[in-house]
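Produce the entire structure from the sequences given, and follow the hints as far as they go.
So the protein sequences, as listed, match chains H, L and B. In case it helps, our numbering puts the first sequence at residues 1 to 353. In case it helps, our numbering puts the second sequence at residues 1 to 275. In case it helps, our numbering puts the third sequence at residues 1 to 284.
Worth double-checking, as some hints may not be accurate.
[As the list claims (entries may be wrong)] Listed next, the in silico SDA-like pairs over lysine to any residue satisfying Cα-Cα at most 25 angstroms (straight line):
1. K176(B) x E119(H)
2. K153(H) x E178(B)
3. K122(H) x M90(H)
4. K153(H) x E119(H)
5. K176(B) x R129(H)
6. K101(H) x L129(B)
7. K176(B) x R95(B)
8. K101(H) x G184(H)
9. K176(B) x R278(B)
10. K176(B) x R15(L)
11. K101(H) x Y130(H)
12. K101(H) x E181(B)
13. K176(B) x L23(L)
Hints are computed from structural coordinates only; laboratory data are not their basis.
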Amino acid sequence: MAFLEISHLHKRFAGHTAVHDFSIAIEAGEFVTFLGPSGCGKTTILRMLAGFEAPSAGSMVFDGVDVTQVPTRARQVGMVFQSYALFPNMTVAQNIGFGLKLAGVERSASAARVREMLELIKLDDLGTRYPWQLSGGQQQRVALARALANRPKVLLLDEPLSALDAKIRLTLREDIRALQRTLGITTVFVTHDQEEAMSVSDRIVVLNDGRVEQTGTPAQIYNFPHTRFVASFIGTLNQLHGEVLRAQSGEVRLADQTLVCAQLPAGTPPGQACVLALRPEAIRLGGAGGPGRNVLHAVVEEISFLGSIVRIRTRVGAQQLSLDVFNDPNQALPARGAAVALEFDSAHLLALA
Amino acid sequence: MSAARPAARPPQGVRASRWGAWLALALGSSYFLLPLLATFEFSLRMQRGVYSFEAYRIVLSDPLFQSTFSYSIVMALLTIVVGALLVVPTAYWVHLRLPRLRPLVEFITLLPLVIPAIVIVYGYLRMYNSSALIPLTGSATATDFLLMCSYVTLSLPYMYRAVDTGLRSIDVRTLTEAAEVLGASRYVILRSVIFPNIRAAILSGAFLTFAVVLGEFTMASLLDRPSFGPYLQLVGANRAYEPSALAVIAFLATWASMGLIQLFGRSAHTRPGPT
Amino acid sequence: MQGKTLDLSLLGVVPFLAFALLFMLLPTAYLMLGAFQDAQGAFTLANVAGLFEPAVLEAYAISFKISLASTAIAGVLGFALAWATVLGRLPGWIRPTITTFSGVASNFAGVPLAFAFLATLGRMGLVTLLLRNCCGINIYATGFSILSFFGLTLSYLYFQIPLMLLIITPALDGLKTEWREACACLGGSSLQYWRLIAIPVLAPSLLGALLLLFANAFGAVATAYALTGSSLNIVPILLYAQIRGDVLHNPNLGYAMALGMIVITGLANAGYMLLRSRADRRLR
Chain H
1 MAFLEISHLH KRFAGHTAVH DFSIAIEAGE FVTFLGPSGC GKTTILRMLA GFEAPSAGSM
61 VFDGVDVTQV PTRARQVGMV FQSYALFPNM TVAQNIGFGL KLAGVERSAS AARVREMLEL
121 IKLDDLGTRY PWQLSGGQQQ RVALARALAN RPKVLLLDEP LSALDAKIRL TLREDIRALQ
181 RTLGITTVFV THDQEEAMSV SDRIVVLNDG RVEQTGTPAQ IYNFPHTRFV ASFIGTLNQL
241 HGEVLRAQSG EVRLADQTLV CAQLPAGTPP GQACVLALRP EAIRLGGAGG PGRNVLHAVV
301 EEISFLGSIV RIRTRVGAQQ LSLDVFNDPN QALPARGAAV ALEFDSAHLL ALA
Chain L
1 MSAARPAARP PQGVRASRWG AWLALALGSS YFLLPLLATF EFSLRMQRGV YSFEAYRIVL
61 SDPLFQSTFS YSIVMALLTI VVGALLVVPT AYWVHLRLPR LRPLVEFITL LPLVIPAIVI
121 VYGYLRMYNS SALIPLTGSA TATDFLLMCS YVTLSLPYMY RAVDTGLRSI DVRTLTEAAE
181 VLGASRYVIL RSVIFPNIRA AILSGAFLTF AVVLGEFTMA SLLDRPSFGP YLQLVGANRA
241 YEPSALAVIA FLATWASMGL IQLFGRSAHT RPGPT
Chain B
1 MQGKTLDLSL LGVVPFLAFA LLFMLLPTAY LMLGAFQDAQ GAFTLANVAG LFEPAVLEAY
61 AISFKISLAS TAIAGVLGFA LAWATVLGRL PGWIRPTITT FSGVASNFAG VPLAFAFLAT
121 LGRMGLVTLL LRNCCGINIY ATGFSILSFF GLTLSYLYFQ IPLMLLIITP ALDGLKTEWR
181 EACACLGGSS LQYWRLIAIP VLAPSLLGAL LLLFANAFGA VATAYALTGS SLNIVPILLY
241 AQIRGDVLHN PNLGYAMALG MIVITGLANA GYMLLRSRAD RRLR
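This is the structure we're talking about:
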């Protein structure tokens, strides 16, 4: 049995259902992210895990114990909030030691643990400061230390980086991941930022409108999205409208050109419209094609210099297609209006549901 | 795995606190509504054995009631007008040109809440009596003027706060600059651009002032003016049932003012912002 | 040029400052000056000393007691009501109704309030009669009277409780729900949350509100006068009588009393503002 067993969780609010039949098994020490746009239900699920909301149906088992009816304070979860939620009337050290104090831990042991946590979050000298004297990033670290001090079974993080500056966000998310690895604590992370999700997670659950769209490792989700939603939510993606020619051979028609697509559902009738997905980085300029390779003829519309990447936007018939090439000062880029040949693997052209 | 559960009930603690809240509310409501009910009930008892509006009839037909009530209403209106004329340009100026003076101005507007009314009027009597530099208690009109000034002072905190909030919610600087570019003078800007946009704020301050002036007793009685407050006290000292009728009337007038404040206050928020 | 623009700008606030000077600052200052003068106008501290005479001191003592009593009770009850409104998870229409009503009730001081309480708990009041007729309790037999210290305190509560509610509600709004949730995650019960987090955070606001309530009660005249006439000798009543008819036979003593009042209400308000800024800074 997995460490965290969540089965058939439902949540209905007056009028609408926020979460439909959510189930997942999370292993001990795993870092799982719930990813999705606002209103997709990810925070609701997290709050049910914490015990702030009671599920309309379903159950949650933490480490073999059914906690569905257990109040929050008995669940042994640690929670980090988007707004840090540090207690303003206590110093950093008192904040971190609060859970220990409530548990009746003896003073010297508690102090030692607080010192240990402060070292872990690299804020050794700030124990006597008050929350309002700290920056946002520092406050969030303290919040993290506070949540972990009591050695909870599960760590829950509710969009902890959304309120921080971009640069702090990057360093802090790496610190969180490093800390999580060191302590080996089972973690559930909620965010709407797909890049964030992909960089730190062992597994990602993509949610939309209360339902799970796809669950998998970051690489799986990115390279093999199952649905249009997942494909467009993760990374940038070209979505093209085409027509099925022959399902068995995977032939599709796109603006008078024939391409081969790797995974076309077998029974699809010819003539049926379909949506084709292609990642910009999967496309190469020029090239003569070959077995398993597609060649698409397009006209260059716009070239954007984005630093390390150059994004070339092309037009195929009435549709647009973007591709990314690495910046190379020695390489000549096509001019606007030039005809180019775009080459990519059949396996990278996906038909989406 | 556990079977599906019935529709969720909020956790135990939440339910308990909700019961506590209702209890507190019930007790509070009874304390606050009971005197109002009792007053109303008492006011109906004028005729022995039967409930009637006799007390109200007597009160409303009392010429003294009519004169003092209208006196107070006129006073209130004058106070509102003078108060608005004093506060609006000042608040506008401080917003636009003199932000450094803001703490001082705000402190001054809060003084009437610190200095008790009785002390203020005591100061007036000492400083503006017949033997002083500026005699203002000599004639009825002059004393009326003094009373009005005291009311303006009393209403300053409310008026200023309302106007200040209103100014904050519109972008004063941009509106002024736009009007200046179009050639408007300072006076025209105030009249045609600023005033209309903070009308709701001024009105809400006005209704509060109205409620305050109507029931005011201390200043009117010490300055010996025939306003509604001293009249109420007089009736209370001499009659049994009429005071309750008056109290109900006064309360309804205050409630109506407050209701209008809420109404105008809300419309201020739903106004579209400046483009 | 720079100097000229500055001058013209200041002109805009001259009417206001002139008004404030003429009708607030100068009269009050003049009054306070009079507290340190004798009948001939020479400087003296005798009036201030006169404040400690038994008659005046007793007035201050009673004023203090009433203000303290009404503040303490209104503090607790007002806080309870505010908690119910803000955190009690009641239906949405309750809070605006309570707020409006508090706005009205906090201004319902003075003569009408006195009438209302006479109609409720006076000798022929509704509640008095109800208690006598259906429960056989004659409250006046126990020595209770609405025209007493206790009765006055009870009526003061009518505008003190709403005032407390109006002042403390923003502070309660400032209590983030995340704090309660974080406390629960860390193993804390509701009681522990209130004891260790919420009350300490609210403490400056609570104290400040109590100070404001005290100042408010101390300066109230009309209700007391209407209810007790001159029988209950609180400072404002004494001052009122002094202004009207120089009962102390010493006008300068009257000024000293006014000075005493301003000092007390001034200190209380200063304390309130200090605590307010402390609370704001913490909860930033």
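Now for the hints, and whether the structure bears them out:
no. : hint              : verdict
1   : K176(B) x E119(H) : 28 angstroms, violated
2   : K153(H) x E178(B) : 20 angstroms, holds
3   : K122(H) x M90(H)  : 19 angstroms, holds
4   : K153(H) x E119(H) : 21 angstroms, holds
5   : K176(B) x R129(H) : 21 angstroms, holds
6   : K101(H) x L129(B) : 55 angstroms, violated
7   : K176(B) x R95(B)  : 18 angstroms, holds
8   : K101(H) x G184(H) : 24 angstroms, holds
9   : K176(B) x R278(B) : 18 angstroms, holds
10  : K176(B) x R15(L)  : 20 angstroms, holds
11  : K101(H) x Y130(H) : 18 angstroms, holds
12  : K101(H) x E181(B) : 17 angstroms, holds
13  : K176(B) x L23(L)  : 24 angstroms, holds
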